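Asks: To convert, note that position 31 of the sequence shown is 1268 in my numbering; the numbers rise steadily by one, no gaps.
Please keep in mind that the hints were generated in silico from the structure rather than gathered at the bench.
Computed from a predicted model, the values in this text were never measured in an experiment.
Do not take every clue at face value.
Said to hold, decoys possible - Now the in silico label distances, taken between C-beta atoms and shown as ranges: (1) Ala1300 with Asp1245: 19 to 29 Å; (2) Thr1290 with Ala1257: 17 to 27 Å; (3) Leu1304 with Phe1276: 34 to 44 Å.
Unchecked claim - DSSO-like cross-link-like pairs, simulated, lysine-lysine; straight-line CA separation at most 30 Å: (4) Lys1308 with Lys1295; (5) Lys1295 with Lys1285; (6) Lys1259 with Lys1285; (7) Lys1252 with Lys1308; (8) Lys1305 with Lys1295; (9) Lys1252 with Lys1299; (10) Lys1285 with Lys1252; (11) Lys1259 with Lys1295; (12) Lys1285 with Lys1266.
From the three backbone atoms N, C-alpha and C, an ideal C-beta is built for every residue, glycine too.
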Amino acid sequence: MIGSMTYDQVEEVAKELENATKTIEAIIKNQNIQELEDFLSTVEGYSKYLRTTIELNKDADKALEDLKSRK
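Between the sequences and the hints, there should be enough to build the whole structure, so can you do that?
Replies: The structure is reproduced here in structure tokens:
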């Protein structure tokens, strides 16, 4: 878990953010709205950050389980 959310819930948020950015990028493709493009880049980066956080937490969970089983 990350906070009060399961890994699957966080992954779903990351997917929704990624899909939303793709949709918005398609809509504004030829609009040349730099501020919105910067914002979308930030949102896309956050989606990737969430996925990385999931992987790091899963690895930490595995390491903790290994330590618990050795006692």
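Asks: All hints are to be evaluated individually against the structure, with a verdict given for each.
Replies: Status of the hints after comparison with the structure:
1. Ala1300 with Asp1245: 19 to 29 Å: 21 Å, holds
2. Thr1290 with Ala1257: 17 to 27 Å: About 19 Å separates the Cβ atoms of threonine 1290 and alanine 1257, which means 17 to 27 Å holds.
3. Leu1304 with Phe1276: 34 to 44 Å: 42 Å, holds
4. Lys1308 with Lys1295: Holds, because 21 Å separates the two Cα atoms, which is no more than 30 Å.
5. Lys1295 with Lys1285: 16 Å, holds
6. Lys1259 with Lys1285: Holds: lysine 1259 and lysine 1285 sit about 14 Å apart, inside 30 Å.
7. Lys1252 with Lys1308: 38 Å, violated
8. Lys1305 with Lys1295: 15 Å, holds
9. Lys1252 with Lys1299: Between lysine 1252 and lysine 1299 the Cα gap is close to 24 Å, so the pair holds against 30 Å.
10. Lys1285 with Lys1252: Holds, at roughly 9 Å.
11. Lys1259 with Lys1295: 27 Å, holds
12. Lys1285 with Lys1266: 22 Å, holds
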